[in-house]
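Chemist: Generate the whole structure from the sequences, applying the supplied hints.
For what it's worth, our numbering labels the leading residue of the first sequence as 6, then goes sequentially.
Hints listed in this document are in silico derivations from the structure and should not be mistaken for laboratory results. No experiment lies behind these values; they were computed from the predicted model shown. Even for Gly, the Cβ is constructed at its ideal location relative to N, Cα and C. Any given hint could be a false lead.
[To be verified] Pairwise CB distance ranges, derived in the manner of DEER restraints: (1) 435 / 47: 28 to 34 Å; (2) 276 / 250: 49 to 55 Å; (3) 64 / 885: 28 to 34 Å; (4) 252 / 440: 43 to 49 Å; (5) 47 / 427: 34 to 40 Å.
[Claimed, not checked] List of simulated lysine-lysine pairs, DSSO-like, C-alpha gap at most 27 Å: (6) 56 / 46; (7) 63 / 755; (8) 114 / 171; (9) 156 / 135; (10) 662 / 701; (11) 613 / 674; (12) 701 / 779; (13) 525 / 416; (14) 432 / 557; (15) 662 / 807; (16) 892 / 877; (17) 171 / 56; (18) 174 / 613; (19) 674 / 525; (20) 575 / 206; (21) 807 / 846; (22) 114 / 46; (23) 373 / 238; (24) 755 / 628; (25) 834 / 701; (26) 206 / 467; (27) 920 / 814; (28) 701 / 174; (29) 884 / 873; (30) 139 / 164; (31) 846 / 814; (32) 46 / 617.
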Amino acid sequence: MQITKEQKRKCAEKSCEGDGKNLPKEGRCCIMARVMSELPKAYEPAAVEQKWQTLWLKENCFHADPHSEKPAYSIVIPPPNVTGVLHMGHVLNNTIQDILARRARQEGKEVLWLPGTDHAGIATQARVEKELAKENPPRTRFDVGREDFVKMVWEWKEKHGGIIIKQLKKLGCSCDWERERFTMDSGYAAEVARVFTELFKEGLIYRGLRMVNWDPVLLTALSDEEVIMTPSKSKLYTIRYRLEEDPSRYLPVATTRPETIMADVAVAVNPKDPRYADWLGKKVLRPLVETPIPIIADEHVEIGFGTGALKITPAHDRVDFEVGVRNGLQIIDVLTPDGHINCPDCPELHGLDRFVARDRSIEIIREKGLLEKEEAYDNNIGVSQRSDVPIEPRLSMQWFLRYPCVDEAMKAVEDGEITFRPAHWAKTYAHWLEGIQDWCISRQLWWGHRIPVWYRKEIAAKLKEAPKLDAQDAAAGRIYVGVEPPPDPENWVQDDDALDTWFSSWLWPFATMDSDCRAKFYPTTDLVTGPDIIFFWVSRMIMAGYRFAGQKPFSNVFFTSIVRDLQGRKMSKSLGNSPDPLDLIDRYGADGLRFGLMRIAPTGSDVKFDEKQIEEGKNFANKLYNAVRFRLMQGEAGTDPAPRFSAVHIDILDKLKQLHSDVTTALEKYEFNACTQALYFFFWNEYCSLFLEAVKNDLREGADPAVRNATLHVIDTVLRHYLALLSPFMPHITEELWQSLGFAARHDNKPLMVTPLPSPDSLLQGLADEDVSKARVIASSLYEAANRARNLKAEYNLSTNKNVRLVIKPALPVAADIPARLALLAGAKETEVAPDYEAPKGTPAAVTPLGELFLPLEGLVDVEAEKKRINKELEKLAKDITAAQSKLGNASFVERAPAAVVQQEKERLAAHEEKRTRLQAMLSALS
RNA sequence: GCACGGGUAGCUCAGUGGUAGAGCGGCUGUUUUACACGCAGUUGGUCAGGGGUUCGAGUCCCUUCCCGUGUACCA
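Modeler: Next up, the structure:
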């Protein structure tokens, strides 16, 4: 065909009307050709995602207005460590928050999603110390000094911190970035100090000498929550403690820590243990630094365990410390803060690392002939979550908090004032609160909120050693506690310690908000976080919310699953099993990553991460893109003549309406995987595979314009509605397609993300329920018949042959358009509707809801093959019939089962029998 | 030890007492004008084991085993 200059010009100007009159090449209209050449065949997410992230910000789409009249919806982000980089857990967690926030906006709410980072005391300080150690010569923070070191950390934070914020933006997170907070912002710091001061005045915060978890690497105390009990292959040594008065007799004592023997101050036995009754009150010689120590009685000792005799080392064991207090024993500390032996009386061990000393001490004891036995022993040891080394129980001067509002916190979850999902976490939460212990809040760190307590200069040293300091000491003017430094700072010395990072994080839901913001958005709506920080963070925020903001901090807590690798292991740097989300975004797109992850994230348990699933997310994006590309090739729908709708049109709108309701219900239950499954299934199967394939011919050249208009109208309706539903899950691609389809223009060119969700009720407006259900039946019959036709073709190796003819003997009234659609779907030339059709002997046939379906094979008939095929089907049918019959023949089933179930079974049987009759007729026609 | 999850197709997971499902993978065919990141067909099940309740159990109850998580710990 010759292309005229005029046609070329129109094409170039994009003023082609897409009416099929301009045919520049190969029979394509110019619009089709243009779309095909301009839009790549495969979706390319990178540029699109970048573009929309920029545009959303430019349009201020994420901004929350505290003065808005819309109902409020708010989430505060679980602040990632300022040193952090995005990992799969963050992706899961923040994708969920983003879905919730975006959907809330579509529902007409004023949405605040408040972002920020946590100063993460230990992690950040360690990060900068690592830099110092790399210097030549290496330095420590002590070389730098406190003030300069803290300055260095701030510099590091400004320069390198908050990478994760950029990464969250790449994921598409719709946080109000103007409100980004940091847990050491000045206002936030003031809030931390205020809270400390109040709790101190109330008597809930006190300073005392107590056994704490000591980290010998980080040289700081830790809270109980930061200690992980870890199974360990240890050794249990049985050591002979000789009797002072008669060194030939000895008491066997079992221990796993022989290196602390020098700190033993007694050996305890159970008072009811007959074996040792006459030993009580006598003394034994410590095997190392041989000094006599008493044999005492204490209920704590279990008669049946070990030898029944327990060495008491109050300085290095929590329980021993208590035994020591009960029995008025002295405390001998033989360990330095960094875990080395400090015992000049035992020169062989003095200065050795604790684990080296353990082996050495056993050698010495063995040489002395005092080692009775050594056996393998599995026990649990406390390991620092931070430095990954065994912690030391250590007597230390620290600040403690007796938690406020424990009862309120307990009651809130019990009564459903705050809901937990999955609900079973409420039990874990309650259990922790019931056994709640005072919180060690001081850390021997420099990076963090410094404890807002000052000691009078002249007595500072003495006060720091005081066994306990509380509100009374402040009242007496011995110490000063306050948000601002004391008015005469030259007379005071500030406490050296910093606060546990969680002591600032627990204020996050309200300390991040100014008063306007609080008035509108507090309490927040949802909290999305991992169950691993239920004690560290969630519980404490609830208590802080009630105590300091007068209300709960959030209404719903959604605990995400933990992302694991395919072997079920936690993702970790050391295992190298943790994929880099940024790399995944590069390869699959942020939308692909989000959608893929949501599809596999179950509500209750862990997610096993499989990259294959992310690839599916990407494939889905591509499918969506191409379905839109197909639409773009068709040009505008005409307005005249009036559209003529078919059953398949009504059916897809009905399914879309159902999808809308399914997605809504699933979202209300926070079932994100159910949402994405429904969205995926509808689009790929119902819309693309069935509907689009059934209507393709409506759009071809020469098609009835009334039908073409109907089809284009329905396609547009479905795409518009569907993109809106999908948008929270795949925000970038939906936005892009929304715009390229021209839908934005109908909404004042507003981005899809701020366009209200369309109502599902408009979809089937003007249609009676009866018409809709009729359409549903016709459409599903058509699709099933098409399946059967394809099956028949496949069985006769005709899958690829499009020249076959179908014949249908209708079982229900068949609308005029249906036969052609059947042919199109089944890959046939045509479908003949013939109520009185008499098939040539051996014609392949199937019983379908539409009617009896035949695949006439001119000259290719194989009667035996067809007999075999029908017999096979009859066999299967017979099984079903037998099953149904035996069920219905069972008197107690008919009597006791609900009527509806019995009725259903009867109908099933009738349908099977009907089908059998038809198949048998077909079979007998063959012989 | 105690508590809580989980065990369904080769893999990842749905499953509401009423005919066991999806996607992926495998296999066969297919480069047709939206999409090979596609299409069509097809193959996969002792629903961890045992017992019970029920007309009927993957689903409810009891029990055992396995995996995971939390928590308490005795040297």
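Chemist: Does residue 662 pair with residue 807 here, judged by a C-alpha cut-off of 27 Å?
Modeler: violated, 34 Å
Chemist: Quick one: are residue 276 and residue 250 within 49 to 55 Å, going by C-beta?
Modeler: violated, 21 Å
Chemist: When you check the alpha-carbon spacing of residue 575 and residue 206, does it fall within 27 Å?
Modeler: violated, 43 Å
Chemist: Can the restraint linking residue 662 and residue 701 be considered satisfied, given a maximum Cα separation of 27 Å?
Modeler: Holds - the C-alpha atoms of residue 701 and residue 662 are around 22 Å apart, at most 27 Å.
Chemist: Mind checking the alpha carbons of residue 892 and residue 877 for me, to see if they're no more than 27 Å apart?
Modeler: holds, 23 Å
Chemist: Against the 27 Å threshold, does the CA-CA distance of residue 846 and residue 814 hold or violate the hint?
Modeler: holds, 16 Å
Chemist: Does residue 701 sit within 27 Å of residue 834, going by the straight-line distance between their CA atoms?
Modeler: The given pair, whose Cα atoms are some 14 Å apart, holds under the 27 Å limit.
Chemist: For residue 920 and residue 814, compute the direct alpha-carbon distance and say whether it is at most 27 Å.
Modeler: holds, 14 Å
Chemist: Taking the CB of residue 435 and the CB of residue 47, does the distance hold inside 28 to 34 Å?
Modeler: Because 52 Å falls outside the window, the suggested range is violated.
Chemist: Holds or violated: residue 613 and residue 674, Cα atoms, limit 27 Å.
Modeler: With a Cα-Cα distance of about 22 Å, the restraint between residue 613 and residue 674 holds, given a limit of 27 Å.
Chemist: Check whether the Cα positions of residue 156 and residue 135 lie no farther apart than 27 Å.
Modeler: With a Cα-Cα distance of about 16 Å, the restraint between residue 156 and residue 135 holds, given a limit of 27 Å.
Chemist: Is the hinted range of 34 to 40 Å satisfied by the C-beta distance from residue 47 to residue 427?
Modeler: holds, 39 Å
Checked against the numbered hints above, the structure breaks hints 1, 2, 3, 15, 20, 22 and 28 and satisfies the rest.
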